[in-house]
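Model the placement of chain B on the given structure of chain A, informed by the hints.
First to last, the sequence lines map onto chains A and B. With our numbering, letter number 29 in the first sequence gets 29, and the count goes up by one each step, no holes. With our numbering, letter number 70 in the second sequence gets 70, and the count goes up by one each step, no holes.
One thing to keep in mind: the hints can contain errors.
Since the list gives no way to pick one copy over another, a pair counts as held whenever it fits inside one copy or between any two copies.
With a Cα cut of at most 25 Å, we get these calculated SDA-like pairs of lysine to any residue [as the list claims (entries may be wrong)]:
# : residue 1 : residue 2
1 : LYS258    : ALA195
2 : LYS295    : PRO180
3 : LYS257    : VAL179
4 : LYS258    : GLY194
5 : LYS37     : ASN47
6 : LYS160    : PRO57
7 : LYS65     : GLU7
These are computed hints drawn from the structure, not numbers from a lab.
Number of protein chains: 2
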Amino acid sequence: MSKADIEDLFTHFINPETGESYNLLPFLQSLVVDNNKVTYILESPSNQIKKLAELKPFLDQAIHKITGIESVSGILTHHRLPNQKQANPAKHFIELKTIRKIIAVSSGKGGVGKSTTAINLAVSLQQMGLKIGLLDADIYGPSLPLLIGQNQKPDVDDNKKMLPILWNGIACMSIGFMVPENAAMVWRGPMVQGAIHQMLRDVIWPQLDILIIDMPPGTGDAHLTIAQNIELSGAVIVSTPQDIALLDARRSIEMYKKVDVQILGIIENMRTFVCPECGHESHIFGSGGAEEESKKLHIPFLGHIPLNLDLRVTSDTGKPLTLDQTHPVSHMFEKISANLLTALFH
Amino acid sequence: MSKADIEDLFTHFINPETGESYNLLPFLQSLVVDNNKVTYILESPSNQIKKLAELKPFLDQAIHKITGIESVSGILTHHRLPNQKQANPAKHFIELKTIRKIIAVSSGKGGVGKSTTAINLAVSLQQMGLKIGLLDADIYGPSLPLLIGQNQKPDVDDNKKMLPILWNGIACMSIGFMVPENAAMVWRGPMVQGAIHQMLRDVIWPQLDILIIDMPPGTGDAHLTIAQNIELSGAVIVSTPQDIALLDARRSIEMYKKVDVQILGIIENMRTFVCPECGHESHIFGSGGAEEESKKLHIPFLGHIPLNLDLRVTSDTGKPLTLDQTHPVSHMFEKISANLLTALFH
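So here's chain A without its partners, still in its complex pose (with noise of 0.2 Å):
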């Protein structure tokens, strides 16, 4: 079985009670094979909705038939249409219409590489095909700058609306942006919802399949009034194996709970670190925590990442990992990519 088997799949699919055949392949908009387990995602025309939600239990089969292949999880996605009614409209402040999905990545306790977590999996799922977003809504240490080594001021439009920052085809935003790099931002509450609706409001996001909201620390003031001012299709926790992150890991979780947010799966971060003398693995931060811990609390495990020395020295040089395909993290980030998207659309 290989990626082109696959790909033959879709350019000649017949539905089995018709007859009729298609060519699928110009929407088929990113495909991954990862041991055995498939993860596509098809971008459908408006007009053509209907007929390929038809097809796709075919398809979904016909995957699976293929020798070898253990699981198939594909995506039908299209663009909203502007008009189209939110499911509980009363309930959000502000309406984002370009984006499909709002993912929150969080940790509760700081410095367990959330920001470098969140903008791998970004450039990882651009490079699956889909439009990804990324707000940096940490108002009191915002990274993104630093992470993607690009600190302009964004562009205001005629009403006075800030265009994001497109980074190597992702659309970013950071309140670092638009303050010098070392001021700190001493503000009270308010102030920080404030900042936040903002940030919310007034940027004019393009078309996003996901915005990837990286939080701050905490469970305070910048979490509430992202959760009850727009609709999170989920979040995403962020932990080390260590207990004293975990402790946090669960009191963020036990808040999303409390607002009625979706925990999307659990990434476990710096799990090991293999000497680059002798190729002995530390744990360091300990190994697997995080792992058992989706298990107790029955969330979804996405992956773990290692205490990797590339990976740290990236972020500090704007370069994320991930932008190296090849990398053998990036390859982790893609598995972890796959995960999510399995969680976000099923």
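Relative to chain A, chain B alone:
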């Protein structure tokens, strides 16, 4: 030159101007000799403060004359009398009469080992003979209960004031003692302020030489509330050598400048990781970045701590590493404590 030589000098000290002989050993609260650098603390009875203050310069000179001694930091302490006036009482709402010095341990960024540093500093300073208290001011992510392996509710006296948990001789207080371990404090700014006010005002602290406040990450409500409501003697900044952590450390320093609090120094955490298999040193988070930063900013550099497995494991199991005074990392904390006392009392 040995510690005994210096103790000898205290036992038979002669005032060079009058020829009078004194035994100062009973007042010697702590004596640290490290790399030809001497730090001592002399605790004076209230009725002898004046005399000891006169003797101190001669004592420092005499110690300095011992062969090999490079520097002498002598601290003369005495308990503040209850009716002693504050320098500027109007500025501060909350007077903590039983506490001589209050220092904030901050980082800007979370996850740099600030809480681990704070608890180990507390133990180290206490081993030097000082009376230490530790206040965990992280309302969203209290970690003190886990770090000391204790989670009982504090006792309350007849006036509904709380008594700190006495752990290993250190007076400890944390919001974590009062709430279930996994509870998420989903609190808006004003609630955070309220909780911190309560922990400052409604806790009966014993006589303390130093109260260490373990600050939350960020530069927000908790920081402003503390800086504006009590008299901080200064702040200690903990950072890893990594650029992204230094960025937040600079923001934290900037914030303390705004509220007119002195920076006592910078501690570099996670400088090196030594492979337990082959001894190879990896600089996972870089190396020396925080030390260079302290030079640039003309702030004392207090010392560095490695990324050490024992340090992490003991933190997670409620038995801070410095309880074992023979561990090499304990020795590093001792040096940092001595440097901190120099910055604090001079």
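Status of each hint after checking the structure:
| no. | hint | in the structure |
| --- | --- | --- |
| 1 | LYS258 - ALA195 | both (23 Å within a copy, 21 Å between copies) |
| 2 | LYS295 - PRO180 | between (43 Å within a copy, 21 Å between copies) |
| 3 | LYS257 - VAL179 | between (33 Å within a copy, 18 Å between copies) |
| 4 | LYS258 - GLY194 | both (22 Å within a copy, 22 Å between copies) |
| 5 | LYS37 - ASN47 | neither (30 Å within a copy, 80 Å between copies) |
| 6 | LYS160 - PRO57 | neither (46 Å within a copy, 65 Å between copies) |
| 7 | LYS65 - GLU7 | within (14 Å within a copy, 84 Å between copies) |
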